[in-house]
Structure formats: structure tokens, C-alpha cells
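Participant: Go by the hints and put chain B onto chain A.
In case you want the letters, here they are:
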Amino acid sequence: MHTVCLPASVWRADDRAVESFLHSVAVCDSAQPVFMLADTSAILRQAQAAGADHEVRRIEFADWVRIGYTAEGVLDVERIRNDCAMFSAENIVMLIANGFESDLIVRALHQMRIGFFSVAQWPKVIAVVCDDAQMFQVAPPLSSAFYLQPTVLNPIAAKRVANRIVKDSKSLRLFGKSIGVLPSLLRRWSAKRRVAQERKANRGLGWVWEE
Amino acid sequence: MPIYKLTHLKALGYTPVSKTTAPMLPDEIAVRAGNGAMIVTFRPVAPRHRPETIKRVNASERFSWIKGRDIVMYGIETDSPLAPLILWDVAHAIEVGATITMLGDASASRYLQRDYFAASFEAVESADGSIVFKKRAPLLAEQDSGLDAWTFGIPVGPEDATLLNVAVERILELKVKKKEILLCGRPGANFKYFDRVRIVGEDITAPPVKICAKKNRLAQEAAHPNLCIIHDRVFLPENFDEIVRRFGDHYPLTTMQSVYFDDKLNMVPRRYSDIGISHRVRGQSERGVMRNEDVDRISEFAPAVLALTERSSFFSHNALRYDQTSYPTGSMYICKKSVWLACPQNESLHWIEFEDLEHAYRASDMGIPSRVNPYGVTQSLVSRPLLMRVAGTFIENAKGRARLSRAWTEVLPIKRKPAIKVSTDKALEAMNRFTAKYVPAEIRMQLPAASVERSTHRLATIINVLSRVRVPMQSEKLRAFVADFEKWIVFDQLPFSWTERVVHGFLAERADPVRVLVMENDVLLNHIALRPKGAVFLRSPVDYLQRRSISLIFGTMCSALYLFRRRKDVLYLKGGLSFYYRALMKSTPFKRT
Chain A
114 MHTVCLPASV WRADDRAVES FLHSVAVCDS AQPVFMLADT SAILRQAQAA GADHEVRRIE
174 FADWVRIGYT AEGVLDVERI RNDCAMFSAE NIVMLIANGF ESDLIVRALH QMRIGFFSVA
234 QWPKVIAVVC DDAQMFQVAP PLSSAFYLQP TVLNPIAAKR VANRIVKDSK SLRLFGKSIG
294 VLPSLLRRWS AKRRVAQERK ANRGLGWVWE E
Chain B
50 MPIYKLTHLK ALGYTPVSKT TAPMLPDEIA VRAGNGAMIV TFRPVAPRHR PETIKRVNAS
110 ERFSWIKGRD IVMYGIETDS PLAPLILWDV AHAIEVGATI TMLGDASASR YLQRDYFAAS
170 FEAVESADGS IVFKKRAPLL AEQDSGLDAW TFGIPVGPED ATLLNVAVER ILELKVKKKE
230 ILLCGRPGAN FKYFDRVRIV GEDITAPPVK ICAKKNRLAQ EAAHPNLCII HDRVFLPENF
290 DEIVRRFGDH YPLTTMQSVY FDDKLNMVPR RYSDIGISHR VRGQSERGVM RNEDVDRISE
350 FAPAVLALTE RSSFFSHNAL RYDQTSYPTG SMYICKKSVW LACPQNESLH WIEFEDLEHA
410 YRASDMGIPS RVNPYGVTQS LVSRPLLMRV AGTFIENAKG RARLSRAWTE VLPIKRKPAI
470 KVSTDKALEA MNRFTAKYVP AEIRMQLPAA SVERSTHRLA TIINVLSRVR VPMQSEKLRA
530 FVADFEKWIV FDQLPFSWTE RVVHGFLAER ADPVRVLVME NDVLLNHIAL RPKGAVFLRS
590 PVDYLQRRSI SLIFGTMCSA LYLFRRRKDV LYLKGGLSFY YRALMKSTPF KRT
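Protein sequences appear in the order of chains A and B. First residue of the first sequence? That's 114 in the working numbering, and the numbers climb one at a time after it. First residue of the second sequence? That's 50 in the working numbering, and the numbers climb one at a time after it.
Chain A on its own, in the form it takes in the complex (with noise of 0.2 Å):
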């Protein structure tokens, strides 16, 4: 399943050109799944370029939230998750998510990741439409939403993970495990010993405005 970033001001300008663009993302290879934050003029080059073989599904975010009950409104969970069991394998999914807030929609994103969970086969795209303004908060929780994505490490990084893994079976090994789970355990009372002294420092300095 592929899933697409799209900025509003080409959604309402041009829904045409934006579904056509859709039609050429589903005919990708499927066993590749791409992610795209898609731009203005990327689609309108691709506008003319491919046939409308699969249907496309356009949810109205609206009908995900009950508004009323908080100022940002509330997610209807159970409905999104339904939906999401319904949703045909060679759909297109459209959610029209602007002047919503990017919190509220990462939040549905996640919701929707459970409900299409279980489900076998999934739709052929989704894409999300927000605001110009929010691309960036929501492209990136969109592209790890449906996939767990590489995040690459360095080399020099995957090593220090490794040989803590290591220092940490070798106290286990000779101290047993009551005494050799303690240079881990300090490890990790340290670790939280300096996030707190660091919070409390960007504090001071105003860039944590919390508590």
C-alpha cells in the first residue's frame, strides 16, 4: 500500500488532477510500497498520464470526529476502525484531512494503523489531504503509519549498542543475575539522572514550557 502527503490548495484547485495523480501512484509495484509527499507541480505533470482503473473512496475527516465534546473535537475510534475493515483491495482511500489539526490526525493515523491491523488485504493507496501548512508535522508520522520503516544507523552507532549489549551479558555472566543486572540498571538510573538534569537546565533557559 502506498501512502500520499497532499497539500489542500491543490486538492481544491484541482481534485481532478490530484486523482489522476492518484491513478499513476496505484500502478506502482505494490510489493515496493512508497511513500510521497506530493507537490503542486508533480501533479500536474502527472494529470494527463494515467487511465482510472481503480475507485477511488474519499472519507470526510469530519466524519471521524464528533465535535462538541473538546475544542479540537473527539475521534470516533470505532468508527474509523470499521471503516478502515471495509475499504476495498483495489481502492483508493482519499482522506480529506484539512483544518483539522496535525495532532488530531496523527492520532487517527494511528487509530487507523490498528484497524487495518487485521485486515488481509489492504487498499491500493492512501492519501491524506491537509493543510499546506501542517505537510511536514503530518508526512512523517504518515510514512511510518502502515509500515515499520528503516531508520539506518551508522555503523559506529549499531557497534555501541552492540558492545552495551555486551558489557551487559558479560557482568551477567560473572556476577550472576542479582549482582549482574546492576551495571545496567545503573546504566539506565544515569541515563534518567541526566534527561532530568537536561529538562530541568531547558527549563531555565525557556525552551520547555511544561509542569
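Each hint can be trusted.
Which residues of chain A face chain B? A few of them, derived with a C-beta cut under 7 Å, are:
id: 1; residue: Y260
id: 2; residue: L261
id: 3; residue: V274
EDC-like mimics (lysine to aspartate or glutamate), calculated; alpha carbons at most 16 Å apart, straight line:
id: 4; chain 1: A; residue 1: K283; chain 2: B; residue 2: D571
id: 5; chain 1: A; residue 1: K290; chain 2: B; residue 2: D571
id: 6; chain 1: B; residue 1: K635; chain 2: B; residue 2: E222
id: 7; chain 1: A; residue 1: K280; chain 2: B; residue 2: D571
id: 8; chain 1: A; residue 1: K280; chain 2: B; residue 2: E569
id: 9; chain 1: B; residue 1: K582; chain 2: A; residue 2: D281
id: 10; chain 1: B; residue 1: K183; chain 2: B; residue 2: E144
Just so you know, the hints here were simulated from the structure itself, not pulled from any lab data. Yeah, the Cβ is synthetic: ideal placement off N, Cα and C, and Gly gets one too.
Facilitator: Just chain B now, kept in the frame of chain A:
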């Protein structure tokens, strides 16, 4: 006839039965001894009746010496957890026509009323809490009397047969009058003894590994009354015949304790997968429907709840104790053929689905207890790291308290055997297969050969691979990913519940695969701790065999001393230090020239 007053071994910590804690044996019962009855009780007996006291009674004893035409058991089931063992032995020892009178027990259902005894024992009198059972016919185990003829059965697969050759060679060497060797399944092409064994059950397909069907088939095909069903990793002791004769005939579901030496000098002993116990499983509330049963019969061993069943604690059981929730772990069963056929394994369960517990518990409910032969040990040729934690193994001591035990020699830098029974070539190939399946082509990398040679490199490679994977968040695919990680990267069994936690972590917590699959993976940590430098994978299966040397004799002595000193905590054998030494030497798999 005398009055036998039994007393538990104090170290067991069983509820005491003394003058201050239990009523005396009533006089009217005691006087029956004068009328020819043999009275057996744990209750205090007035000295004027001159009782014969049998001290230090524990689960490693046989009670076949209790014989007679009229046996009175007073408060046995109430006073002793060992009652099933005592009643089993007595029921088999007495002749047809003899009676057992059960007195002084509060429970309504008696052990001798269980299914196994139903056809042979009849309750002829029942009044005021006393039941008289008369033996009408020989019991099933008696129909298979004698210890001369043995069938050794081994379920096998088509993989390399080097270690199977070692196990079969040992069976061929045993001084047993009549024996046959049955293999269920066709072994690998390098098996050397096709002409000395009978192969059965080739129609049983795998995967999944239908281990229960295989064991049942072995029992059905056995030509001799005594069955010894072992896994191909179990190396029997040289004096097997002597061990089983000392233990005696008419045994129930029996096993022997097992040891695995992690090193090349017999210096690092580990008790390894022989008899276990779980106190919680039977009472667990989560149950499911078994594959072959209806909804009205639910079980804690149904495949649907295995991940929950696994959360119950499992310990190695102490041979001095008996509990109705102890079970042989499936790698070795010594059993009479007719007894096995009366209570076969549940064929709807497959390997590692708690089939051993289900079988032992069902047998126990039927009246067939599980017990340990304390006159010898077996050795495991190989080990699964999952069952062999470097920090120690939870073993119940004589008091029944599970404690983490490990030999002090664990820390010594002695040359070790391979930790995982997979060759370096196959391991590298499997890791590459995993990479090809889950890492997108544009970021796929070639795995270095060192990743199967050195533990640090192995770990770094695994981290590197996992940081590059792409997997859809679909139940089926995510589970396949974890299963492939288990099979192709870890090469060890990962607990069902761990798999569920990982899948949940990915789904609900958006967890990072490196964190969940490596940093929070105890099994992998254990691999590294077992072999911090290397030698994780094997170069040749012969690496698991020992060489005869002076240092090995010294190592075995050290291990014998350690095990003897901790005989009530780790491994109990009925003998002294030299007995331990001989038991270890006689079960050591040596390299043959």
C-alpha cells in the same frame, strides 16, 4: 503383621505429622495388625503397638515392599503429598484378591478410584469414611511385567544424523537382553545404522512437528513391553540396565534427570530439561478450545491461549519431591507400553505447545504419576540456549522453593561447546535470507562472515539489519517477521508471550525494531552472555562430543563434587560422591575413533 509408621524426609518441609499436629492412630485400627493386616500410616502410633518406623520417606523411594493380603492405609492421602506414589507401588505389588483399606482420609474421591485403577480395583465395602478396595485383576503395568525386553524409540527428522548416530550407537551398546530400536521418521542420509533399526511413521508430515503423533506411533509399533522414548539429543548412561533394575518394575511415567555440560571438560554442569513443575498452570482461568475437541471441553493448553499459559512459572522439579503438577519435559519417557497406550499424548498438539504438561497432567488425573529414577543421569548431547540461561536455572530445592542455581565454574574461561546447533555456513545463509526478505533493495547490505563468528559482530550485524527492515503492520506479516527473526537470526525459540509483546509494541507503541527485538530480548542477551567472544555456531556436530583426557576426569570430579554437595538443591542421585562421579562418566558422550 507390623505397623509401618512412615516419616517424611525433614528436608522436604512437608506439613509435619506428629503427636502435636495430628491425631494418633486409633487403637481399634492398630489392633488389626494382630489379625494379619499390614498397617501403613504417617500418624503417630502408641509405643505399645511397637510400630516399625520408616524414616526419610521421599519421592525417590519405591514402596513395592508394602505387600500383603490385607493392607490398611490410614490417613495416607491426607497426610502425604507422596500418596499417589505409595498407592501406585502398593497397588501393583499386591496380588489379585488382596485388599487395600483406605481409612482416615477426609476426601470423598480416593486415588484408587481413578480411571487407571478402575478396571482392576473394586470398592467392596464403604462405611464411615473407610473404603475397602479389592484387587480383581492385574493392572495394566503388570500385564507388561519384566525388565528384560526394551523398545527404544526416537522421533527423528531428516537433518544431519551425526548426533543421532551417537545416541543410537549407545543404545546398541547397552547390555539389555532383548532390545529393538524404532525411529519415527526417516533420518538424514549420513545415518549409519539403517540395518539395526526399524523405521516407522514415515507418513507423519512436518512442519508443524507432530511430536505427539510420533511418540504415540512409537508406542503402538513397539514390540517389547518396556518403552524408552527419547529425543535424539539424549545420551543414555552405559549402565542403563542396572539403573532400571535398581529402580524396579511396574513403574509409572518415569524419567531420569539430565545434565548438559557446557564445556569440553565436564566442568560446567547444567541441569537440563528433564522434569519440570508449574504450580499455576492448572488453576489458570484463561482457557481455550483444543484443536480436536468441542467447546464444552476447554483447556489451558489450547493453542489460542499458549501465550498466556506461558506466563505461568515453570521450574525444574526436585527428584525428592512429588507434586501432581510435575511433568517429564518430553525428552525422555520410560513407561510400560500398555500404560502409554492407555494414556497417549494428545496428537492435536505439536512440538513446544506444552504437549508434555498436558500429557503428564492428564496421566496424573487418570492415576498415573510422573516420577524420577534416581539411580542414574542422562546427558544431553546438545542444548537449546532458551533452556540454558547463563544466569542460572530455576530449580526447586528439596523444600520446594525455586531458586536460581548455577555452578561456580560458569565464570571460568574454559573452552566451550557451540551454543547453537546450526553450522556457521547455514547461519550466514539464513541471515542473508532474512535480509533479502525484509530489507529494501536500495539499502540492503552484504553481511560480513564475522557476523557468525564473533558475538559482538553478530550483534552489530543484527542491529544493522533490523534498522533497515520494512514490514507492513499486518497481523499475519508482522508475526511472520518475528517468526523469521526467530528462525533465521536468533536461531532459538522465542517465547509465545514475548512474540505477542513485540507485535503489540510495534502496533500500539510504534516501537523501534532494534529496541524491541535486540535491546529488550533476553534470549539474545543470553546468547551473548553464553559466548561473549564467539563459538556461537558449530563447525562440526562432533564439537559436542568430549575427548577422553586427564583434565576431563578432573572436570568430572569437580562437577560430581558440586552436584553431590548440592544434591538436595540441584540434582539428586541415590548414592555418594563416587556414585555421582560414575554416573557422570557413564553418561558422557565421548568421541569415537
